[in-house]
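2 protein chains.
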Amino acid sequence: MKVRWDLDSPSQPNEAPAKRRPGRPRLEAPSQEYIARRDEIIATAAEVFHQKGYDAGTLEDVAEALDLRRASIYYYVRSKAHLLFLIIDRALGLALDELDEYTKLPDPRERLETFIRHQVRTITGEPSMFTVFFDHRLRLEQEYEARIRDKERRYVRAYLKVVQDAVKAGVIGKVDPRYGAQAILGMTTWSYKWFDPTRDNADRLADSCVKLVLDNLGAPA
Amino acid sequence: MKVRWDLDSPSQPNEAPAKRRPGRPRLEAPSQEYIARRDEIIATAAEVFHQKGYDAGTLEDVAEALDLRRASIYYYVRSKAHLLFLIIDRALGLALDELDEYTKLPDPRERLETFIRHQVRTITGEPSMFTVFFDHRLRLEQEYEARIRDKERRYVRAYLKVVQDAVKAGVIGKVDPRYGAQAILGMTTWSYKWFDPTRDNADRLADSCVKLVLDNLGAPA
DNA sequence: CCTACCGATCGGTAGG
DNA sequence: CCTACCGATCGGTAGG
Chain A
29 MKVRWDLDSP
39 SQPNEAPAKR
49 RPGRPRLEAP
59 SQEYIARRDE
69 IIATAAEVFH
79 QKGYDAGTLE
89 DVAEALDLRR
99 ASIYYYVRSK
109 AHLLFLIIDR
119 ALGLALDELD
129 EYTKLPDPRE
139 RLETFIRHQV
149 RTITGEPSMF
159 TVFFDHRLRL
169 EQEYEARIRD
179 KERRYVRAYL
189 KVVQDAVKAG
199 VIGKVDPRYG
209 AQAILGMTTW
219 SYKWFDPTRD
229 NADRLADSCV
239 KLVLDNLGAP
249 A
Chain B
29 MKVRWDLDSP
39 SQPNEAPAKR
49 RPGRPRLEAP
59 SQEYIARRDE
69 IIATAAEVFH
79 QKGYDAGTLE
89 DVAEALDLRR
99 ASIYYYVRSK
109 AHLLFLIIDR
119 ALGLALDELD
129 EYTKLPDPRE
139 RLETFIRHQV
149 RTITGEPSMF
159 TVFFDHRLRL
169 EQEYEARIRD
179 KERRYVRAYL
189 KVVQDAVKAG
199 VIGKVDPRYG
209 AQAILGMTTW
219 SYKWFDPTRD
229 NADRLADSCV
239 KLVLDNLGAP
249 A
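Protein chains in written order, with this note's numbering: chain A, 29 to 249; chain B, 29 to 249.
If you are wondering where the hints come from, they were derived from the structure by calculation, not from laboratory data. Only true hints are included.
Which copy is meant is left open, because identical chains are indistinguishable; a pair holds if it fits in one copy or across any two.
Subject to a maximum C-alpha distance of 16 angstroms in a straight line, what follows is the list of computed EDC-like cross-link-like pairs (lysine to aspartate or glutamate):
(1) Lys108 / Asp83
(2) Lys221 / Glu180
(3) Lys132 / Asp193
(4) Lys239 / Glu138
(5) Lys221 / Glu75
(6) Lys80 / Glu169
(7) Lys239 / Asp204
(8) Lys202 / Asp235
(9) Lys189 / Asp135
I would like the entire structure built from these sequences, with the hints used as guidance.
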């Protein structure tokens with residue numbers, strides 16, 4: 029049986045590059061083609077699972093879409109469960125990607141606005157990835173759970189802080205930060221259920237979300 | 029084979045009572061026990077599909093939870109697909125239930141607030157039903173689609189109108205009604221993904237949503 | 001509402 | 001990356 033490389037690593041741009049281990053490496057790094065092909069498989073699987081659902085979408089469907097035999101997928105991926113993990117990890121990576129940068133923005137109002145726009149852009153930009161993430165996240169196997177949960181927390185915490193600061197600065201009402209963060213997250217994220225790129229416009233949706241939360245008129249009752 | 033009754037009718041309180049057909053009825057109406065038992069099956073199936081997903085959750089699981097044999101479920105339900113329909117139809121029925129009443133509220137601000145509170149209460153009150161509804165709605169068979177889509181449209185339209193009126197009355201910013209409605213719907217509905225009744229409080233969540241959208245402070249930039 | 005029982009699908013592996 | 005092939009699961013039906 030051929031030796032395969034670190035199948036688990038999601039090869040994300042925001043991932044730290046693999047540390048060079050001491051001594052002579054046993055194997056060369058996975059070839060560029062290998063990585064590219066695996067990314068193709070991940071993306072295609074996301075589309076299949078998006079359309080048919082994780083369980084109903086078969087590896088046969090994925091293989092067919094790639095003009096492969098089903099067994100060949102196992103050269104790149106350990107199992108169907110592993111494939112689900114790779115999709116979810118990638119989705120989280122995308123969402124987390126520019127967030128650190130935005131966290132540094134000094135103005136609370138601008139920061140919240142940027143977070144909202146970022147979320148809308150990210151979700152509507154990768155509907156398949158995020159549909160799989162949100163609708164099949166609970167089908168993740170135990171072994172993968174921990175790795176995901178970590179990044180997930182980082183994400184929610186970032187949102188929590190933005191909302192807290194916005195409340196402090198008085199740019200939004202005095203809401204419970206946790207509920208406020210989830211509400212804003214929901215308002216934008218929900219788009220994965222209804223947004224139709226042939227009809228809807230992400231920037232206008234973002235405008236509406238921002239206006240609803242930040243551009244306010246009536247004084248409190 | 030025994031004759032069964034109208035398996036499709038969801039026996040919802042807001043459903044019009046079945047019209048009395050002319051002539052002598054062929055069969056008495058389904059017994060109260062029959063209806064009650066079927067509702068039990070629907071509720072249990074919702075819990076199973078909530079925990080394991082629609083495809084991964086088996087009829088065996090449902091039967092076991094009810095202390096039945098799997099085959100017995102078919103006395104109440106045509107198929108697994110039919111069971112999914114019954115759950116989804118029930119969820120929509122619950123959501124639609126009090127909505128007509130609230131539509132009559134004259135004050136735009138109060139009406140929007142009531143809609144928001146109603147949505148939070150409904151979703152958090154039936155997590156299993158609504159998780160199945162939102163996460164497995166696309167696995168509905170063709171034959172059931174139409175019946176669902178209709179009610180669904182009614183729901184979205186009601187929200188559309190509330191938002192339109194709120195914009196006109198100037199109680200929220202001038203947002204695109206469609207995006208505004210989906211944003212508010214998302215803000216509240218999203219709770220089915222994270223709300224934990226042992227830790228969270230539905231009324232406070234509703235407060236936060238209302239405050240975020242309606243109780244505003246800063247003037248538009 | 002139950003006891004069998006069938007048919008089909010599908011993830012995964014051997015071995016090249 | 002492919003050709004077989006196995007094993008298990010599961011929805012559904014017959015017949016009572």
